[in-house]
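Novice: Sequence:
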Amino acid sequence: MAGLPGISFAAVSSLSVPELAQQALWEEVWLTPKPGLVDSANNGSHRDMNLALFQKSIAAISPWFSVFHALGLEHVERGTSELLRLIRPAGIACEQAMYQATGGVNTHKGGIFSLSLLCTAAGRLKGQGKVINTSTLCAAVGKICNGLVERELTGARRASTVGERLYQQFGLTGARGEAESGFLTVRQHVLPYWFEETDPQRRLLTALLRLMAHNPDTNLVSRGGLTGLRYVQRYAARLLKQGWTVEDMREMDANLIARNLSPGGSADLLAVSCILTGVEG
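One rule links them: number in the numbering used here = place in the sequence shown (from 1) + 22.
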């Protein structure tokens, strides 16, 4: 299913969660202008990525969303705490498909983590005969990830990954913490305001600004430290308060590129936001 820019999720609410996940990635990558991020105008703050590479990546990882959904359905009788272990091989294979398509470039690792959890949770809920909506999906993801931060971040003696290092330095839990919370940042700062904007593209850009203003994005900290994170958070909050134009977004894009800042974690949460609003119709 090809993704097209400017499609409102109100028009695709009949899609399954795996289909919504694929559509969400297309929505996110085509959205323009996205400050510091790859879009149809430029490569943002990335020298090793462009729109064509993202398209290859999305095509490679999208078939795996149905696999995660099937795993959630298949293991419906297993304990929730077992699911992460059971889907991990598929997660690794999905990442390998991404790397093969991109020549080793990490375009969607964070997105694979979050979206695979949503698809797995949807499969489990279907197998349990439960309704699939924002509340049940987020609760299911939170249960699947219960204790994840403590196991993988708090218990790490030596930081072997960027996520572990940032947790030890700054206490940032990143994508793990967001998933364990049932995507609390999205539920608190995006979903209640989703339909305040009637134009689909402006709705998505406003959602991205809200995420940038509130998300403790480890991508930003990795590139620019806490100073870079606070710069982006304050910038986004200011645009939201004053009311933004497309030219404001282009200017923010230029400023983030000049500082080599890319809010990739917020981009991943934008895709999560699209799925959660999509299941609500």
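It should be emphasised that the hints constitute simulated quantities derived from the structure, not laboratory data. Only a predicted model underlies this, so the values are computations on that prediction, with no experimental measurement involved. A couple of the hints might just be wrong.
Keeping only pairs whose Cα atoms sit at most 30 Å apart, straight-line, the calculated BS3-like set for lysine-lysine is [what the hints assert, rightly or not]:
#	residue 1	residue 2
1	Lys-131	Lys-148
2	Lys-165	Lys-152
3	Lys-148	Lys-165
4	Lys-131	Lys-165
5	Lys-78	Lys-131
What follows is a list of derived Cβ distance ranges for each label pair [claimed, not checked]:
#	residue 1	residue 2	range
6	Thr-183	Leu-248	43 to 49 Å
7	Ile-114	Thr-267	29 to 35 Å
8	Ser-62	Glu-302	40 to 46 Å
Glycine residues also receive a C-beta, built at the ideal position from the N, C-alpha and C atoms.
Novice: Compare the structure with each hint and give your call.
Specialist: Quick rundown of the hints versus the structure:
As the CA atoms of Lys-131 and Lys-148 are separated by approximately 26 Å, the hinted pair is consistent with the 30 Å bound. Distance restraint check for Lys-165 and Lys-152: the Cα-Cα separation of roughly 15 Å lies within the 30 Å cut-off, and the hinted pair is therefore satisfied. This hinted pair checks out: Lys-148 and Lys-165 have alpha carbons roughly 16 Å apart, not beyond 30 Å. With a CA separation close to 21 Å, the supplied pair Lys-131 and Lys-165 stays within the 30 Å bound.
Distance restraint check for Lys-78 and Lys-131: the Cα-Cα separation of roughly 14 Å lies within the 30 Å cut-off, and the hinted pair is therefore satisfied. For the pair Thr-183 and Leu-248, the beta carbons lie near 19 Å from each other, so the given range of 43 to 49 Å is not met. Between Ile-114 and Thr-267 the beta carbons are some 43 Å apart, a value that contradicts the proposed interval 29 to 35 Å. The hinted range of 40 to 46 Å is not satisfied by Ser-62 and Glu-302, whose Cβ atoms lie roughly 28 Å apart.
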